[in-house]
Amino acid sequence: MSGFFALVGRDIRIALRQFSDTMMVIVFFVIAAALFPFGVGPEPNLLARMAPGILWVTALLAAMLSFDRLFQNDYDDGTLELLVIAPQPLWMTALAKIIAHWLTTGLPLLVASPVIGIMLNLEPRGFGVLIAAMALGTAIISLVGALGAALSLGSRRSGVLLSLLVLPLVIPVLIFGAGAVDAAIGGFPATQQLLVLGGLLLGCIVVCPWGCAVALRLAAD
Amino acid sequence: MSGFFALVGRDIRIALRQFSDTMMVIVFFVIAAALFPFGVGPEPNLLARMAPGILWVTALLAAMLSFDRLFQNDYDDGTLELLVIAPQPLWMTALAKIIAHWLTTGLPLLVASPVIGIMLNLEPRGFGVLIAAMALGTAIISLVGALGAALSLGSRRSGVLLSLLVLPLVIPVLIFGAGAVDAAIGGFPATQQLLVLGGLLLGCIVVCPWGCAVALRLAAD
Amino acid sequence: MVSHMDGFSGTGLACVRSNRIVFAGLDFAVSPGGALVLSGPNGSGKSSLLRLMAGIARPAAGNISWQGTPISEDPEMFFARMHYVGHRDAVKPALTVRENLSFHAALRPGPTDINAALDRVDLAALADLPARMLSAGQTRRLTLARILATPAPLWLLDEPTIALDYRAVDRLRGAIDDHRAGGGIIVASTNVPLGIDDATTIDLAAHAPEIDALWGDESTGEPAEDVR
Amino acid sequence: MVSHMDGFSGTGLACVRSNRIVFAGLDFAVSPGGALVLSGPNGSGKSSLLRLMAGIARPAAGNISWQGTPISEDPEMFFARMHYVGHRDAVKPALTVRENLSFHAALRPGPTDINAALDRVDLAALADLPARMLSAGQTRRLTLARILATPAPLWLLDEPTIALDYRAVDRLRGAIDDHRAGGGIIVASTNVPLGIDDATTIDLAAHAPEIDALWGDESTGEPAEDVR
Amino acid sequence: MLHRFANPTRFLRLANAVLPWATGLTILLIGAGLYFAFGASPADYQQGETVRIMYIHVPSAWMAMFAYAFIAVASAVGLIWKHPVAHVCALAAAPIGACFTLICLTTGSLWGKPMWGTWWVWDARLTSVLVLFFLYLGFIALANAFDDAARGEKASAILALIGAVNLPIIKFSVDWWNTLHQPASISRIDMPAVHTSMLIPLLLMAVGFTMLFTVLVIIRARAELADRRINALRSARIHAETAHSGA
Ligand code: HEM
Ligand SMILES: Nc1ncnc2c1ncn2[C@@H]1O[C@H](COP(=O)(O)OP(=O)(O)OP(=O)(O)O)[C@@H](O)[C@H]1O
Ligand SMILES: Nc1ncnc2c1ncn2[C@@H]1O[C@H](COP(=O)(O)OP(=O)(O)OP(=O)(O)O)[C@@H](O)[C@H]1O
Ligand SMILES: [Mg+2]
Ligand SMILES: [Mg+2]
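Chains as they are written, first to last, in my numbering: chain B, 1 to 221; chain U, 1 to 221; chain S, 1 to 228; chain R, 1 to 228; chain F, 1 to 247.
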């Protein structure tokens with residue numbers, strides 16, 4: 001277990017030492033969301049209607065940008081080999097990295113999302129559900145993204161390949177996440193969508209660290 | 001000049017040898033564009049109205065993903081140092097890399113954009129202008145993106161950093177590009193917007209290779 | 001060659017990279033306190049063999065045992081008893097020298113002495129500098145400090161002296177001698193003489209296969225009829 | 001030391017990295033056919049000096065001249081006459097060995113002989129293999145083939161023998177001798193003896209500043225008061 | 001001894017024996033199916049001639065799912081028993097499956113225009129088929145994205161296994177969510193007057209498509225195996241030359 005915490009601690013420390021990195025995911029989120037009023041035109045009604053969708057899509061794309069370095073640096077400098085032959089289960093190593101990733105990018109995205117909601121004229125009664133859904137959603141995205149990152153490790157142009165692998169797999173997150181917010185805005189309960197997201201999260205927690213571990217072992221080979 | 005063509009040739013050859021790579025930018029483009037209907041809901045009218053905006057934003061984001069490796073590989077393996085001390089002007093080197101980038105990602109995006117237009121119910125009379133605007137726009141994006149990539153070289157997570165540098169710079173492209181398509185759909189001439197894009201392109205051709213050269217020299221130091 | 005119940009050994013090892021057999025039919029055995037040096041020209045498979053020994057890659061044939069147990073049987077037990085230093089440095093430029101070392105030490109069980117290890121490789125004065133400020137040789141020394149920070153009876157070193165100055169090479173040699181005096185085993189690949197006089201040497205060039213196509217017909221190396 | 005009108009020289013060179021003076025007051029001069037070996041312990045600034053010489057980085061003080069002209073005056077002319085081989089290999093894994101070499105050759109003016117260069121480093125048989133399949137030493141040999149493929153009177157080599165086997169080292173030494181016999185100049189940094197008997201040697205350790213923190217207090221090496 | 005884990009001879013012998021039969025059956029079944037579908041079967045009383053799209057749409061939808069299941073099973077075999085031919089088969093099947101999926105998507109859209117008044121709706125059935133298509137693309141891209149082919153095989157095999165979760169979603173999406181799309185029941189087609197005349201060509205086409213799939217997989221797998229063999233021989237020869245010149 002000491003290795004587990006050492007790994008989480010190290011990744012967070014690296015992220016904090018370059019604090020601007022964490023900021024950047026958020027700023028990308030903000031800018032990408034801000035582009036839409038330019039592209040679509042600033043009519044408040046249209047924007048408010050699109051807000052949940054834009055929020056989720058841009059959060060996803062922002063998270064996507066952070067994945068390509070999740071294992072890449074460790075892979076390039078030989079740390080990954082050492083993690084693979086460290087005397088602790090590899091899925092625990094993978095889980096530690098995933099948790100560190102969520103803490104350094106998922107959490108900031110979560111914190112930033114209400115701000116973007118305001119920018120996009122999201123209706124006030126959507127905010128509570130937005131945050132709940134985002135919490136579940138970003139965790140799923142971290143898990144699935146890590147799996148994609150591990151699978152595409154060592155490939156050429158892993159960044160784009162990664163998007164190709166991850167985006168289709170997180171489509172359900174998008175549908176139910178945006179659906180939950182839409183429901184809340186419309187005044188309906190969003191319980192069902194949130195339950196589905198919770199179920200997806202549980203499934204991912206079971207499958208992804210294991211898949212990551214297999215993929216990482218392959219990558220080191 | 002032989003160095004110029006050697007560089008364009010090498011980059012294209014690397015891209016072709018891994019043909020699937022070029023495909024991936026397009027596939028990302030397609031997937032990202034396809035995500036919006038999920039998030040926003042599939043009403044054809046709303047989609048058609050948003051289509052130009054979504055098209056441009058996703059093309060931008062797709063191109064963005066391809067920049068983080070534009071100089072990064074050369075930087076990591078020491079090729080960049082050698083390019084900096086090659087006996088030809090560095091801006092020519094930069095221009096060669098930019099041209100190769102456009103040929104391997106801008107051009108495919110250009111080719112794919114009508115398909116996405118169909119997916120998003122874009123009105124038929126917008127297509128001609130869409131392609132013209134995309135041709136100008138992707139070239140500008142390649143130029144500006146290369147500048148951003150050169151500037152952010154050597155920092156970790158340069159992918160995200162460079163989005164921050166590049167996105168604000170290409171907002172004008174987005175506005176006039178989407179504006180041109182909107183105009184065409186509305187039945188107005190889009191000449192003015194296309195002229196502005198052309199002007200931007202000229203400006204970028206003058207400024208960006210030179211800026212790249214300065215940034216690359218700094219990065220190698 | 002007999003398999004040593006108390007040492008590190010491998011029999012009938014073969015390594016395949018990109019469909020090509022690099023070496024085959026390789027046996028080795030080292031007993032406690034012993035040293036094995038892998039030599040051979042560039043590309044003969046020294047690094048590949050070390051990666052097999054470390055359990056990073058799997059051999060295409062044959063197996064490797066630690067104290068009589070195949071390493072694939074209980075890998076974690078084996079990993080806890082082994083240090084591997086490859087071509088690459090596993091050093092994070094953003095962290096300080098000490099943080100880098102502590103991280104790697106925390107991944108492993110057992111007692112840890114960071115300061116002694118840094119002292120031993122002469123990096124104590126640079127301990128709180130970010131690792132990005134190290135030169136090639138200093139970085140390599142930081143990598144080698146890893147094997148001194150936590151104890152392990154087996155050291156696998158891939159060209160450990162690369163980029164080191166002569167003083168650092170002397171210190172490394174001293175560390176290796178101490179390790180062996182305590183019953184440790186060392187396997188090192190190298191292109192330059194390491195100066196371990198009593199080491200067994202395996203020349204990888206001697207294990208290059210004669211016909212090395214995986215798919216070929218045994219006698220001629222031609223594809224068999226039915227594929228065409 | 002006089003500046004050679006027909007050679008490669010530098011005076012009063014100083015190098016600063018991350019606010020620390022690595023060396024200062026360094027002069028060198030090599031005439032055609034000459035060799036200069038940079039020695040010194042790890043971190044003494046060998047690589048940093050070579051990068052100054054190559055024009056990749058600018059010296060903090062002093063200047064460097066090629067045939068009497070400061071290299072910063074007409075860098076392209078200087079670059080055309082110089083080969084630099086650094087720690088990193090500049091090899092693209094996706095391209096074949098030959099394509100890698102041709103690319104680097106095309107960046108430079110003058111006659112090119114790819115095949116002869118590949119022959120010389122014993123890679124002719126691997127010419128059409130993707131470079132990703134090369135081992136550490138083979139990759140290094142490909143890097144060294146660059147300086148043989150197109151002629152240039154000045155070679156700057158940073159630890160050229162790293163990862164090479166003894167045969168390759170011999171071949172490199174032969175190439176260096178030929179180069180010098182033709183009036184070429186060579187500057188090489190190294191931690192292991194290169195075997196160039198008549199080379200001038202600069203010991204970087206001798207040029208380390210006494211007070212080596214730009215901001216530090218002279219006597220204690222502690223940061224000065226005003227910085228805190 | 002090394003041949004044991006890599007020799008595809010047995011597979012090739014089997015494949016070569018099956019291939020002519022499968023080819024013959026393919027031509028026969030699809031030929032007959034097309035004849036019945038476009039010549040000998042009546043137009044539907046509700047849907048008119050457009051019903052004939054069904055004879056392409058439904059079999060290719062089935063094949064899209066079948067091919068993915070085939071890939072998932074082959075991938076599992078490759079991962080667990082480390083049989084290289086299994087990976088080769090999975091890789092050979094992927095583009096074919098992707099084509100069937102694309103055919104299903106396009107014929108579905110073509111059918112959707114007259115039936116639903118739109119080319120595309122974002123309902124669960126259509127969405128999950130689109131996700132299947134992306135999974136195929138991801139599988140192919142991942143398999144080809146590595147310098148080391150063996151690595152690509154294994155990575156894509158993991159993806160195939162994880163992506164298999166999508167198959168039940170496609171199958172049951174029409175039951176779980178109410179959508180525009182027909183629920184899965186052959187009885188839907190079981191309309192009194194046209195029962196056998198529509199069912200026979202449908203089944204002929206379905207079996208014919210399966211045979212076509214078999215033929216294409218065998219051909220592609222054989223080509224891939226031969227390709228690998230040539231590569232191995234070439235690098236072996238190069239290596240032998242180096243060893244020679246080095247000595
Ligand atoms: C792009 C749009 C479409 C897609 C992706 C699609 C997909 C599918 C899939 C995957 C199946 C196999 C279901 C199974 O075996 O359980 C299927 C079957 C079928 N589809 Fe579609 N479809 C589309 C449009 C349509 C349209 C427009 C119609 C007609 C109105 C239609 C009619 C049918 C019928 C009759 C079946 C057979 C159901 C059965 O198993 O009895 N489809 N489709
Ligand atoms: N990227 C860098 N940033 C800051 N300081 C650096 C950097 N690289 C090296 N240094 C510092 O500059 C000094 C000289 O480094 P240099 O790489 O030139 O040494 P070297 O003589 O080549 O050593 P070696 O034999 O280890 O290669 C070292 O003390 C090192 O700490
Ligand atoms: N990533 C790789 N993919 C395919 N083949 C490889 C790869 N790395 C090495 N090889 C091949 O495997 C063989 C053995 O390589 P290895 O790196 O083990 O050699 P080595 O003995 O360590 O050589 P060196 O002294 O140059 O480090 C080489 O012939 C090389 O061509
Ligand atoms: Mg090696
Ligand atoms: Mg150095």
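It is worth saying that the hints were derived from the structure and are not from the lab. We put the CB at the ideal spot given by N, CA and C, even for glycine. Heads up, some of the hints might be wrong.
[Unchecked claim] Computed footprint of chain F on chain B, listed as stretches where at least three residues anywhere in the stretch have a Cβ under 8 Å from a Cβ of chain F: (1) 115-125; (2) 206-216.
[Said to hold, decoys possible] One-sided excerpt, in silico: chain F residues whose CB lies under 8 Å from chain S: (3) Thr106; (4) Arg228; (5) Ala232.
[What the hints assert, rightly or not] DEER-style ranges, computed between Cβ atoms: (6) Val214(U) with Asp177(S): 50 to 56 Å; (7) Gly199(U) with Pro32(R): 50 to 56 Å; (8) Asp74(S) with Gly198(B): 36 to 42 Å; (9) Ile205(U) with Pro93(S): 51 to 57 Å; (10) Gly198(B) with Val16(R): 55 to 61 Å; (11) Pro111(R) with Val214(U): 54 to 60 Å.
Checklist entry - Okay, which hints does this one fail, numbers in order? => result 1, 3, 9, 11
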